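A.B. asks: Work the whole structure out from these sequences, hints included.
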Amino acid sequence: MAKIKRQKIKALLESGGAMENIRVQGWVRTRRDSKGGFSFLEVNDGSCLKNLQAIIDANLPGYEELTHQLTAGSCVDLLGNLVESPAKGQSVELQVAELKVYGTADPEKYPLQKKRHSFEFLREIAHLRPRTNTMGAVMRVRNRLAWAIHKFFNERGFLYLHTPIITASDCEGAGEMFQVTTLDLDKVPKVDGKTDFSQDFFGDKTGLTVSGQLEGETYALALGEIYTFGPTFRAENSNTSRHLAEFWMVEPEMAFYDLDDDMDLAEEFIKYLVRDVLDNCADDMAFFNQRIDSTILDTLKNIVENSFERLHYADAIHLLQKSGKTFQYAVEWGCNLQAEHERYLAEEAFKKPVMVYNYPEAIKPFYMKLNEDKETVRAMDVLLPKLGEIIGGSQREDDFEILVDRMKIKGVDPEEYWWYLDLRRYGSAPHSGFGLGFERLVQFVTGMENIRDVIPFPRTPKHARF
RNA sequence: UCCGGCGUGGCACAAUUGGUAGCGCAAACGGCUGUUAACCGUUAGGUUACAGGUUCGAGUCCUGUCGCCGGAGCCA
Numbered sequence: 000m001a002k003i004k005r006q007k008i009k010a011l012l013e014s015g016g017a018m019e020n021i022r023v024q025g026w027v028r029t030r031r032d033s034k035g036g037f038s039f040l041e042v043n044d045g046s047c048l049k050n051l052q053a054i055i056d057a058n059l060p061g062y063e064e065l066t067h068q069l070t071a072g073s074c075v076d077l078l079g080n081l082v083e084s085p086a087k088g089q090s091v092e093l094q095v096a097e098l099k100v101y102g103t104a105d106p107e108k109y110p111l112q113k114k115r116h117s118f119e120f121l122r123e124i125a126h127l128r129p130r131t132n133t134m135g136a137v138m139r140v141r142n143r144l145a146w147a148i149h150k151f152f153n154e155r156g157f158l159y160l161h162t163p164i165i166t167a168s169d170c171e172g173a174g175e176m177f178q179v180t181t182l183d184l185d186k187v188p189k190v191d192g193k194t195d196f197s198q199d200f201f202g203d204k205t206g207l208t209v210s211g212q213l214e215g216e217t218y219a220l221a222l223g224e225i226y227t228f229g230p231t232f233r234a235e236n237s238n239t240s241r242h243l244a245e246f247w248m249v250e251p252e253m254a255f256y257d258l259d260d261d262m263d264l265a266e267e268f269i270k271y272l273v274r275d276v277l278d279n280c281a282d283d284m285a286f287f288n289q290r291i292d293s294t295i296l297d298t299l300k301n302i303v304e305n306s307f308e309r310l311h312y313a314d315a316i317h318l319l320q321k322s323g324k325t326f327q328y329a330v331e332w333g334c335n336l337q338a339e340h341e342r343y344l345a346e347e348a349f350k351k352p353v354m355v356y357n358y359p360e361a362i363k364p365f366y367m368k369l370n371e372d373k374e375t376v377r378a379m380d381v382l383l384p385k386l387g388e389i390i391g392g393s394q395r396e397d398d399f400e401i402l403v404d405r406m407k408i409k410g411v412d413p414e415e416y417w418w419y420l421d422l423r424r425y426g427s428a429p430h431s432g433f434g435l436g437f438e439r440l441v442q443f444v445t446g447m448e449n450i451r452d453v454i455p456f457p458r459t460p461k462h463a464r465f
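Just so you know, we're using numbering that gives the first Met the number 0 here: the first sequence kicks off at 0 and counts up by one.
None of these hints come from the bench; they were simulated from the model. There could be a bad hint or two in this list.
What the hints assert, rightly or not - In the DSBU-like style, the derived pairs of lysine-lysine whose C-alpha atoms are separated by at most 35 Å in a straight line are:
hint, residue 1, residue 2
1, K9, K108
2, K49, K9
3, K373, K150
4, K407, K189
5, K49, K350
6, K270, K108
7, K270, K9
8, K385, K270
9, K321, K351
10, K204, K461
11, K385, K351
Predicted model, so just to flag it, every value in this text is computed and none were measured.
C.D. replies: Structure below.
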């Protein structure tokens, strides 16, 4: 007899009709026995949020022993006919003719129960939490967002660029780096009391990248428009619901874009991604709206339907000063916008995404383009309600002399960045880009409160298990 | 890193002013039902994070350590 191919539960539920000889493989969520002579089995295969209800008739050979093994977490192979369900709660169900248990899950020891668990507990069993409704939904949405990112850029002729993960570029102005070395830490070679990196694997001090931007610029200034999408690393001792030591970042870089073009793209980008999830992850999004954040669907619709507010940094300062609110951190021109300020702008003043641009030169990195006023740079941040900063970007400095000056002011050695300066020596062009924290995007779209619950295996200070 | 909060059966929680550690869910066993976060009954399960201290007596008070959570800073 020919092997019957496995069908995904998602497809079966969408088909909605009766079908013969169906094979379903998945994990048991719960079982309810009926003395009427059968058991109800809830099976999930990860293809969608919903379970498939399977009916195990007591006449099935070995019924007693089999049902005993069908506990939460066990894995099964089911063959049978898909029929219309006589009861409420599901349109179709599987009448099982053959059943095989691939793997049992001892109910005395299996940590997942058919009840709600705290996310804190689930983080301790990160290898099993994908079997929960919430993590399944998060990962399906995360996957959809990742795909939508590639779709968005490829539809616009952007090239997906793979920038290096190991880099010798120090101090890119974006936080502490993890060091990469093959030196024996118990016997570090020294020269004049300092570590001799010439004996290290790369013959230089290297670390994990904090951003692919500088490398991205080199390819944008040859191929026009590129984007990176990969892991980045920050060795900051940040312990918040919005920070990870290892996270994924999307960084488009575009030749011939000025700051306005950059902001246009950022707004279009976020709207595209949100719309894509609303259109394609309806079940999972309904779940988030019901169980995680009852305002999430309204929030996302609001994003898609309204234009982002754009205001000068100087205007943002004025607005904050006139707000009548007392902030923990004083507001004056030249200060960094603190979380409380960003929250006021996005949540109270405008109640929608806000793009603040033209920040003071003094509080931004060397590569951002200096404005004619010499006091501000063409930097922009996209601030979202609840989440805060999700995008940081800028038009890049394309003038050789100004760039060298700003490097010196910021304590960055121009010698070390000779290759970056070459982009301004030879065929320089106006160009812009931005960076988007992928996990923060997933967080925002799902309404999940903690960033550790939107990445499969979160890396945070003192936590690299699994 | 700083500030604040919290660590009690597998999970989620309770325990008056310091005075016999309880409940629900899960589990095991039984009952019942086209059930659906099923329901009903019975049973078992705890060195109250760890180490000290105060006290006749500590889950509760004090000190330290570890862990977790929330907020802040850094940022994406």
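A.B. asks: Does each hint hold? Answer for all of them.
C.D. replies: Results for each hint:
1. Distance restraint check for K9 and K108: the Cα-Cα separation of roughly 30 Å lies within the 35 Å cut-off, and the hinted pair is therefore satisfied.
2. Pair hint K49 plus K9 holds up; C-alpha atoms about 8 Å apart against a cutoff of 35 Å.
3. Taking the CA atoms of K373 and K150, the gap is near 38 Å; set against the 35 Å cutoff, the hint is violated.
4. A distance of roughly 29 Å separates the Cα atoms of K407 and K189; the hinted pair therefore holds under the 35 Å criterion.
5. The hinted pair formed by K49 and K350 meets the criterion: a straight-line CA distance of about 34 Å does not exceed 35 Å.
6. Among the hinted pairs, K270 with K108 is inconsistent with the structure: their alpha-carbon atoms are about 45 Å apart, more than 35 Å.
7. Straight-line distance between C-alpha atoms of K270 and K9 comes to about 27 Å, which keeps the hinted pair within the 35 Å bound.
8. For the hint pairing K385 with K270, the CA-to-CA distance comes to about 17 Å; that is within 35 Å, so the pair holds.
9. The hinted pair formed by K321 and K351 meets the criterion: a straight-line CA distance of about 19 Å does not exceed 35 Å.
10. With a C-alpha separation of about 24 Å, the suggested pairing of K204 with K461 holds against the 35 Å cut-off.
11. Straight-line distance between C-alpha atoms of K385 and K351 comes to about 10 Å, which keeps the hinted pair within the 35 Å bound.
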